[in-house]
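The listed protein sequences derive, respectively, from chains G and B. Residue numbering for the first sequence follows the numbering used here, starting at 2 and increasing by one per position. Residue numbering for the second sequence follows the numbering used here, starting at 175 and increasing by one per position.
To be clear, the hints were calculated from the coordinates, so they are not data collected in a lab. The C-beta atom is built at its ideal place from N, Cα and C for all residues, glycine as well. The reader is advised that the hints may include incorrect statements.
Have a look at the derived ranges for each label pair, beta carbon to beta carbon [said to hold, decoys possible]: (1) G:A115 / B:T297: 58 to 66 Å; (2) B:Q413 / G:E134: 43 to 51 Å; (3) B:D377 / G:H123: 55 to 63 Å; (4) B:L378 / G:L153: 28 to 36 Å.
Which stretches of chain G does chain B cover? Using the computed rule of at least three CB atoms under 8 Å from a CB of chain B, they are [what the hints assert, rightly or not]: (5) 229-238; (6) 267-278; (7) 284-298.
Sample of chain G residues facing chain B (criterion: CB under 8 Å; computed from the structure) [to be verified]: (8) L21; (9) I122; (10) H123; (11) M127; (12) R177; (13) S224; (14) L225.
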Amino acid sequence: MAQLIDKSRQRISKLAQRLLPDSLFGRLALLLVVAVVASHVLALTLMFELSPFPPPPPNGLLVHGGPPPGHEPPALLPLGLLMDITVRLAALVLAAWVGARWLSEPVRQLGAAAKALGRDIHRPAMPEAGTRECREATRVFNQMQDRICLQLAQRDQFVAAVSHDLRTPLTRLALRAQSLDDPQTRQSFGRDIFEMDEMIRTTLDYLLGMAKPEPPLLLDLGSLLISLAEDAQDAGQDVQVLGSLVAVPLMAQASAMRRCIGNLIDNAVRYGKCARISLTDSTDFLLVAVHDDGPGIPEHEIAKVLAPFYRLESSRNRNSGGVGLGLATAHDIAQRHAGSLTLSNHSAGGLVASLRLPRQRQ
Amino acid sequence: MNPQAQILIVDDDEEITTLLGSYLTRFNFVTHTAADGDAMWVQLGRHPVDLVVLDVMLPGTDGLQLSREIRQRLAIPVIMLSARCNSYDRVIGLENGADDYLSKPFEPRELVARIHTVLRRTTQPQGGGADVLRSDVIHFDGWVLHREERTLVSPAGLAVALSNAEFRLLSTFLQTPRRLFSRDQLVEQARGRSMDVFERSIDLLVSRLRQKLADDTNAPSMIKTVRGAGYMFNVQSVQGRPAWRN
Chain G
2 MAQLIDKSRQ RISKLAQRLL PDSLFGRLAL LLVVAVVASH VLALTLMFEL SPFPPPPPNG
62 LLVHGGPPPG HEPPALLPLG LLMDITVRLA ALVLAAWVGA RWLSEPVRQL GAAAKALGRD
122 IHRPAMPEAG TRECREATRV FNQMQDRICL QLAQRDQFVA AVSHDLRTPL TRLALRAQSL
182 DDPQTRQSFG RDIFEMDEMI RTTLDYLLGM AKPEPPLLLD LGSLLISLAE DAQDAGQDVQ
242 VLGSLVAVPL MAQASAMRRC IGNLIDNAVR YGKCARISLT DSTDFLLVAV HDDGPGIPEH
302 EIAKVLAPFY RLESSRNRNS GGVGLGLATA HDIAQRHAGS LTLSNHSAGG LVASLRLPRQ
362 RQ
Chain B
175 MNPQAQILIV DDDEEITTLL GSYLTRFNFV THTAADGDAM WVQLGRHPVD LVVLDVMLPG
235 TDGLQLSREI RQRLAIPVIM LSARCNSYDR VIGLENGADD YLSKPFEPRE LVARIHTVLR
295 RTTQPQGGGA DVLRSDVIHF DGWVLHREER TLVSPAGLAV ALSNAEFRLL STFLQTPRRL
355 FSRDQLVEQA RGRSMDVFER SIDLLVSRLR QKLADDTNAP SMIKTVRGAG YMFNVQSVQG
415 RPAWRN
């Protein structure tokens, strides 16, 4: 029995949740409108109770207007009353709407600012405005932002120190390798050193990526794709741009975008042997797709590979290098450009990395 | 160039100075070493040094400060080494009087090439061109080259990305505009790091660069073909700015 009551209570609360407006504004407005309507209904009911005419049902009064047939009250009185009530109701509902908006605005702004903070942690602190609760919440937010920025700065210092410590022995190694007589051994030393340096560099790139703002330029994305493909071809890789490209301008950070698409190409070549790049130009977004010839990624791991330092078990075993930051960096850069990066397995085999960039930056 | 150029290596890591010293000796340089700023000044007083290879992170006075002081007191070129590599550090290094900047770990042969370039530049000053190695932003005839981003901004304001080979070719042209380059000279310059396999013909590369410069391939006005000899970069003014700032 108790269970039954509990269940029905749960069901009611679920129903209430579904019926209740989702936003603060909606709830305030609903509350005020209900109060206004209820008070009117109550007042009218009392008034008609006291008057000589039998009271019409309040619903009928609001919806149809006029009392039910059968009674013949003087026409003027209900019409005047009706007008009066309508005007008053309208005024009060308007006031409720404005009031609710006024009260909920600071909270809405706080929400928008918090969202912007998620995109750019270094944005200027929010002004403390609005109601006292809002000012307090804003202050807490600003303090949190300060603390995050401080931690980021500490992390950067730490990373710089570690990278220095790693690079000094690497420099020694590079110099020492020069005294090797066998050119083949020397070359393989050089390759290893280059690879280790690349790992340090990508780690730094990822960690410092957020901190260094770069002014956006009106960048021809087509020329970037072709340049990156040519660089890869010069390094002996199988990379091609499909279709012919005309100038496709987009507001973007040039270095960041080069790194982003470069990482997608690197990833395709590293795990999928080759990269086929295509550019789709739509009215409100640009889509860069990098398609490779590899084994793809198991469906259940597709979401994880965009996380920093995540590497598929198979790629670890194959010892194909990398620290698992290329896609994470690309993903970050895409988000900074209000775009998105998604991976999918192509039906004809291979992995497709799709970079979607909106034309209008928010 | 002086066949026996004297190089001073300043680094607090003793092994690096020793290894680098013996490596450079193989390329016919005379090398000296110092572990910090004080030792550097002693060595500079003792030997007729032609170029200083200077690490940024040193105990006591750091490399940036030392580079500034060298520039003020002596006319000796400086190549800076740093274990931190990002555009900001590079700009700071170049602003503080360094002639070039290399990040650790570097390809030893790359350092030798840079030393040669800097020495050639300081012993035979070539007027007219932008000091390309020291400039991050180069303006020429309404165009702007951002070296760090390897991006070319047209007079209309559209940024065009350059490939590494195109970038090196344009940098070579900008270093000495209105000079005739033979194809072989350009191939040598555009090859860059030994890691790249340079397969394209220089003519194809030039035509690609012309396209990005909106230079008419049939009647080029910027990159002129000199029949049987090579190419010439025909621009009126080239101005470099050492640093890029917002």
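Verification of the hints:
A C-beta distance of roughly 60 Å is found between A115 of chain G and T297 of chain B, which places it inside the suggested range of 58 to 66 Å. One distance hint, 43 to 51 Å for the beta-carbon pair Q413 of chain B and E134 of chain G, is violated here, with the actual separation near 57 Å. Checking the proposed 55 to 63 Å range against D377 of chain B and H123 of chain G shows it is violated: the Cβ atoms sit about 47 Å from each other. A C-beta distance of roughly 45 Å is found between L378 of chain B and L153 of chain G, which places it outside the suggested range of 28 to 36 Å.
With 7 residues having a beta carbon nearer than 8 Å to a beta carbon of chain B, the region 229-238 of chain G meets the requirement of three or more and the stated coverage holds. Evaluation of the coverage hint for the region 267-278 of chain G: breached, as 0 residues show C-beta separations to chain B shorter than 8 Å, against a requirement of three. Counting residues of the region 284-298 of chain G whose beta carbon lies closer than 8 Å to any beta carbon of chain B gives 0, which falls below the threshold of three, so the coverage claim is violated. This hint is violated: L21 of chain G has a C-beta 48 Å from the nearest C-beta of chain B, more than the 8 Å allowed.
With its C-beta approaching chain B no nearer than about 19 Å, I122 of chain G sits outside the 8 Å limit, and its interface hint is violated. At a threshold of 8 Å, the smallest CB-CB gap from H123 of chain G to chain B is about 14 Å, leaving the interface hint violated. Interface restraint check: M127 of chain G against chain B, minimum CB-CB distance 23 Å, threshold 8 Å, status violated. The interface hint given for R177 of chain G holds, since its Cβ lies 6 Å from the closest Cβ of chain B, which is under the 8 Å cut-off.
Using the Cβ-Cβ criterion of 8 Å, the hint placing S224 of chain G at the interface with chain B is satisfied: the shortest such distance is roughly 4 Å. This hint holds: L225 of chain G has a C-beta 4 Å from the nearest C-beta of chain B, less than the 8 Å allowed.
Of the numbered hints listed earlier, those contradicted by the structure are 2, 3, 4, 6, 7, 8, 9, 10, 11.
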